[in-house]
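Asks: As a plain string of letters, each chain reads:
2 protein chains.
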Amino acid sequence: MIDDLALFADLYELTMAQAFYQQGMFAQATYSLFIRQYPPNRAFLVAAGLEDVLDYLENLRFSQASLDYLRSIGIFDSNFLKYLKDLRFTGSVRAIPEGRLFFTDEPVLEVTAPIIEAQIGETFIINQINFQSLLTTKSARCMLAAPGCSLADFGSRRTHGIDAALKMARCGYIAGFQSTSNVLASQRYGIPPSGTMAHSFISSFAVEIDAFRAYAASFPDRAVLLLDTYDTIEGAYNAVTVAKEMEAAGHKLVAVRLDSGNFVDLSKQVRRILDQADLRYVKIVASGGLDEYEIDTLLQCHAPIDIFGVGTKVGVSADAPWSDMAYKLVAYNGRPVMKLSTEKVSLPGAKQVFRLYDTNGKFPRDIIAPSDENPPGGEALLQTVMSGGRRTAPSPRLDVIRGTLANDLRRLDDSHKGLYNPPHYPVAISANLQQLTLQVRSTIQEDLG
Amino acid sequence: MIDDLALFADLYELTMAQAFYQQGMFAQATYSLFIRQYPPNRAFLVAAGLEDVLDYLENLRFSQASLDYLRSIGIFDSNFLKYLKDLRFTGSVRAIPEGRLFFTDEPVLEVTAPIIEAQIGETFIINQINFQSLLTTKSARCMLAAPGCSLADFGSRRTHGIDAALKMARCGYIAGFQSTSNVLASQRYGIPPSGTMAHSFISSFAVEIDAFRAYAASFPDRAVLLLDTYDTIEGAYNAVTVAKEMEAAGHKLVAVRLDSGNFVDLSKQVRRILDQADLRYVKIVASGGLDEYEIDTLLQCHAPIDIFGVGTKVGVSADAPWSDMAYKLVAYNGRPVMKLSTEKVSLPGAKQVFRLYDTNGKFPRDIIAPSDENPPGGEALLQTVMSGGRRTAPSPRLDVIRGTLANDLRRLDDSHKGLYNPPHYPVAISANLQQLTLQVRSTIQEDLG
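Listed in order, the protein sequences are those of chains A and B.
So the mapping is simple: my numbering equals the position in the first sequence, first residue as 1, plus 1.
So the mapping is simple: my numbering equals the position in the second sequence, first residue as 1, plus 1.
If you are wondering where the hints come from, they were derived from the structure by calculation, not from laboratory data.
A quick note: this is a predicted structure, and the numbers were derived from the prediction, not measured.
By construction, the Cβ of each residue, glycine as well, lies at the ideal position given by its N, Cα and C atoms.
Treat the hints with caution; some may be incorrect.
Stated by the list, open to error - Rough simulated footprint, nothing fancy, chain A against chain B, three-plus residues with beta-carbon under 8 Å:
(1) 17–25
(2) 63–74
(3) 199–208
(4) 211–224
(5) 376–386
What the hints assert, rightly or not - The calculated label-pair distances, taken between Cβ atoms and stated as ranges, are:
(6) B:S396 <-> A:K83: 35 to 45 Å
(7) A:S73 <-> B:Q440: 57 to 67 Å
(8) B:R398 <-> A:K83: 44 to 54 Å
Excised from the complex, chain A in its bound form (with noise of 0.2 Å):
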């Protein structure tokens, strides 16, 4: 996206790295990437981000602009410049794979190297991972909405610029979205691509049927007409006129599209217009200011909606468009760490994530422990990605992190699913991992006297 990321950094990464250099700080340090609490109406979230965080530490260096600009700003000594000249992150990362579910508390990554390489690169991997795992937990509601229909991502206009654009895309089909509109996502991702019109392009014509008759001609097997320029039923009489017109010539329209209005009766006089013509095969999309809430809503009233075009609210996750993920030192040079601050307080050492399943195959719970602990059972979630500062292993394709998230949510009890205040995941901290807990907070009480 931009070649030099190197300052895509919150100063306070650069000048911490300095007084680390000046103390010859060099030794191993981990951090551990979580959230504490759940957006509002969320008991889980889907890890996403992680491709770029990989990109970003295997391609870490500063050029010689950056340098320079970072000498210009005045506070940076020259010999820590030549260090950071030279710097490359030679550490390693374990992760929760893209596409599965994880919980609060729990570390969706963790970067262990020496403490300087590990700090810088926070404020980006915390930027990737957070928006992208709340756009694709956002998408993945929307799916559990929709149960057999199809969704599209339509984001592209709403979402906070062109690299949220991309993701959003990106988080979609992981999430399960059929296509998105947006064609650098597509080529880029190799996600479908896929659209309909504008109102613009109706009202270019002097008359609605002349424009659905255009596109029909430009598009005979890729048609889906939208209705609402003027008035949805009138439209949908129009439509019907050009799909017969269609089918004269050998071709289907595809479907028509609702953008306005009251959805539900819409959708129902639509349809029966269609059938009512034998156009069965006409599928109805509905767009505009939809996400989980509407859709439910929608599809509770039996509104007979094929597709929805999700935008607006899906790509910046309206009704949660932030969460509190943060990125905490939990060990120094062999020494675990943890902080105390009020509601912030954080877990120490490097840790591993087990996840039961039961006789069913669903999971029951979770369980935190220390990364060194031996396995309390279940499966081992965090996997080592990165080592000595490159990729132990090709990326996932896709679809395969497509099929992840697929797998999860099967294997999560439809409780923790619903839309509204769902009850949260178990979640258990290791017996291990509390006495450590415990050992640390009194050594740093200790120490405050």
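Based on the hints, put chain B in the right spot on chain A.
Replies: Showing chain B alone in chain A's frame:
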């Protein structure tokens, strides 16, 4: 950001373009960008993002790789792809300059060009101006809530992606923030960088005061010490000790930072501790989940906070992460057009916005009029910024844009700047525009029969 943004478009921009091409529709079209409804608690928006739109339009071209990708989708005609290969944006753009206030229904930007050129930019244009206007508006609200205080952008870790983080820094600076934490944004936009230290810095040392001393040694004239890693009050006493050591060495501690807990109580206690140690010059920074609402509450409670670091909630415009901003065709081939969809009616024709001034230099109201109407008085807000596909003038410097916003905010009545449900600013539709709207509506309705 990305060299080849031509494919950063919803697929339908390109399918519609092919249909226009095949219909021989190359006449001039005008599109208006506007919002219909204010996001919650807003009665003004700040224009931002134009700079990126002009860059995009000046550089719009389809690379061979992009054309190859489009061909591979299998729905584009080879003559049309040949046409795309040579396509450049040759049109004009009129816009309300960055940093100016705009209101519902007012076109913040109008594009006039051969219809294909004007249509293709829709996705990018909405994407950039929508989110940048939202972030600048949120930032301006924070400034309004914190008179006499300094604000710093700490949002990079929670914005939705890289583009959003960089633009957030710029939006905050337009709104009056003193600095950004993002070093890349600081380099790119010439914004002062700022930063403090993370909890991880503290916990990498065995005891807190050693971390404070190390940081002060590295940054004797720029140190801001973070107090809440273990206990804010203990942290404050440690900071006093280090500040006194710094004084003895001829330096001054700049500030201390609170990042959790009850900011009202803690800031008062910490201020007292600092003052009792004759450290009145040491400022207090607060950060952590702050936006205009929290800042307002803190200052109402007389919390002695000098600097607010705003991140999470500002960087995603948490209470208003989206708007209904739309880019609508308003004229084609000399014919004014509009949409009649439920609650999505648009105003036909190219328009101008006139802002009146009262005798005190304040804004009493705006008037939206057809662009060719004799000025009803006041200042015409839309300026021609691009003509024949090229900028008509160099872009204003960032501090000029910042001054523009400060100036506009001074002239807006305070009532419209309220944080909660402010009354709407009066925006009138000129008699001519009302008449044109009725005329176009009745023509459409006749056609609908």
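Asks: Evaluate each hint against the coordinates.
Replies: Each hint tested on the structure:
no.	hint	in the structure
1	17–25	holds (count 6)
2	63–74	holds (count 4)
3	199–208	holds (count 8)
4	211–224	holds (count 6)
5	376–386	violated (count 0)
6	B:S396 <-> A:K83: 35 to 45 Å	37 Å, holds
7	A:S73 <-> B:Q440: 57 to 67 Å	59 Å, holds
8	B:R398 <-> A:K83: 44 to 54 Å	34 Å, violated
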